[in-house]
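> Now for the letters of each chain:
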Amino acid sequence: MSHYESPIRKPLVTGDKSYHDVTLDVVRPVEGKANKSWWVVFSIALIAFLWGLGCIVYTVSEGIGTWGLNKTIGWAWDITNFVWWVGIGHAGTLISAVLLLFRQKWRMAINRSAEAMTIFSVIQAGLFPIIHMGRPWLAYWVLPIPNQFGSLWVNFNSPLLWDVFAISTYLSVSLVFWWTGLLPDFAMIRDRAVKPFQKRIYGILSFGWSGRAKDWQRFEEVSLVLAGLATPLVLSVHTIVSFDFATSVIPGWHTTIFPPYFVAGAVFSGFAMVNTLLIIMRKVSNLENYITIQHIELMNIVIMITGSIVGVAYITELFMAWYSGVEYEQYAFLNRATGPYWWAYMLMMTCNVVSPQFMWFPKLRRSIMFSFFISIVVNIGMWFERFVIIVTSLHRDYMPSAWTMFSPTFVEIGIFVGTIGFFFVLFLLYARTFPVIAQAEVKSILKTSGEKYKKIRAEKGDDANLYDEPDQEPLPNFTEQFNSKSNL
Amino acid sequence: MASKFLHAIFTDDDILLKAVKALREKKYSINEVFCPFPVHGLDKAMGLPGTRLAITSFLYGLVGLAVSTWMMNFIMIEDWPQNIGGKPSFSYLQNMPAFVPIMFEMTVFFAAHLMVITFYLRSKLWPFKKAENPDVRTTDDKFLMEVSVNENNVQAIAEVLHENGASEIKLIDNK
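Heads up: the protein sequence lines correspond to chains C and S, in order. So the first sequence is residues 1 to 488, counted in the numbering used here. So the second sequence is residues 489 to 663, counted in the numbering used here.
In case anyone wonders, no lab produced these hints; they're calculated from the structure. Predicted model, so just to flag it, every value in this text is computed and none were measured. Virtual Cβ for every residue (Gly too), placed ideally from N, Cα, C. Some clues are possibly wrong.
Claimed, not checked - If you anchor each label on the Cβ, the simulated ranges turn out as follows:
| id | chain 1 | residue 1 | chain 2 | residue 2 | range |
| --- | --- | --- | --- | --- | --- |
| 1 | S | V551 | C | M346 | 44 to 52 Å |
| 2 | C | V41 | S | E566 | 49 to 57 Å |
| 3 | C | L160 | S | M584 | 13 to 21 Å |
As the list claims (entries may be wrong) - A short, non-exhaustive set of chain C residues, derived as facing chain S with CB atoms under 8 Å:
| id | residue |
| --- | --- |
| 4 | H20 |
| 5 | W216 |
| 6 | R218 |
| 7 | E220 |
For reference, chain C alone in the conformation it holds in the complex:
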């Protein structure tokens, strides 16, 4: 059996890890007890979530008037937060699906958490349109239900309805993709569990996974096909989110560049959030041997590339506004860059276009502290990108007497903070109860990409045996056993 991989490739699992070591390292956070810092962070997140919940209840009971919206700016923080969270959700599927199709083995260590992040952030995103409906108990009106029910059919020409279908397909397919991958890992925890309660819970979660050869064959096929389906799906989701804007006739929104520009921005912000979460997680859960500097460096390169694509999109927009000769379009962009919201535009340009360029320097992109810092900067920058696109395009409309500024109320800020809290509540619970690394998949690449086996190959040649000779029990007389047992 050849497990050859070019020695030039850096190991993806460092430390002398055997299969059993992988098991132990992955279950440690699940079987161990939470430490004090986990409880501190969890409490803060929970308080933020409850505060946000209070603000949501206030909004729903009082009405959208509690927000800072006005007749010129009918869309602001709410839709900004929606697009921001959906965008963050994109990295998970990109890592699990696109990198699978490209056979990138480094995805194995990070796909589980990235997919968890996807699901948790799409949940946050989904909250915003539902709150914005004003009467969330009528949210089922977005479903295609017959008009005898009290209203007309839904309008399939509307990008907002496309969004309903895109996001619910995306959320449900991501969830199924994630859970299918989790089955063998839940089974591993189940089979190690000592207490009956834990054994029962993980038994239910693992769907009775037994790991037959046929199951694995199907598992791999299903993963591959899901990756093939999820790849165009993830591109379609942010494309359709961008249609919410691009199919309108508002200067600054009405551009054909929006779909690729939004998708690149989504991948950009998503990878930044993955970096933020994983840099903390590898430290807290002692996973430095699995989520290595090499992983962080590769994610930084993705951030650099997508950040540059976003930069090109910003400049293309400016150029096209000028080149179009349309005065409204020209003014929208002039106002965006030099108007009263120039500071938001500057923040967006600095955080999203300038800051990723530091990643050209190997020293910087291999620095954990610097990567963490840039990941936060990018998250802030991408929030401002959506704010700039949405608010600056609206706040000076066709009639100068209607021109105005937007300032959020404590309610909107509270809801946004609340979703961040909710996201971290979910993620922290996940980090303590789920196998945070796809251990079965990591085991399957251990011999090609693990440091231990790379060393063996370097010392003993590429065809060296990559296993220890097993201790064998002496062979009993089975013919005798066979007969004696059947005589019982």
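We have chain C; now place chain S onto it with these hints.
Then chain S, alone, in the frame of chain C:
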């Protein structure tokens, strides 16, 4: 006659593959192999036929496409045509470009979910299903091979397994 199995435990995937090939060479058939992770080439070595799940996914995708087309044609064209933005809904074909996003989404939705449901049913995976791996170590780092035996070949098979590095071999009654 009650059938019996040999359960052989292997400590490594390379040893397992070697043993699988050795047994198959001697024309013994392997009932089942339980692994903690996908061992590449194991299905071929065992002589398992390929899975057709990808084909089902394609067919389910076609169903999704058909359902979305039928649904939007019924809702937007037949049941309650509306004049939206000066673009009246009198024919599906003329309105089709606006329906492409949802035709795509529903194709993916059907292809993904129905394929996964098919996988779960075929592999008998659902909540409250009892796991069937005979040894708990097979989800950690051990590989278990199950071979059905009779009185005459039990020793010969055990010897092949032993020679090819099985670390434990047990005779099990098939319940």
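> Would you mind marking each hint as holding or not holding in the structure?
Against the structure, the hints come out as follows:
Distance hint for V551 of chain S and M346 of chain C: a CB-CB separation of about 51 Å, consistent with the stated range 44 to 52 Å. Checked against the hint of 49 to 57 Å, the C-beta distance between V41 of chain C and E566 of chain S comes to roughly 55 Å, which is consistent with it. Look at L160 of chain C against M584 of chain S: about 19 Å separates their beta carbons, and that is inside 13 to 21 Å. Hint on H20 of chain C holds. Least Cβ distance to chain S is approximately 4 Å, under the 8 Å limit.
Because the closest C-beta pair between W216 of chain C and chain S is about 4 Å apart, less than 8 Å, the hint holds. Interface hint status for R218 of chain C: upheld, as the beta-carbon distance to the closest one in chain S is roughly 5 Å, under 8 Å. For E220 of chain C, the interface hint holds, since its Cβ comes within 8 Å of a Cβ in chain S; the closest pair sits about 5 Å apart.
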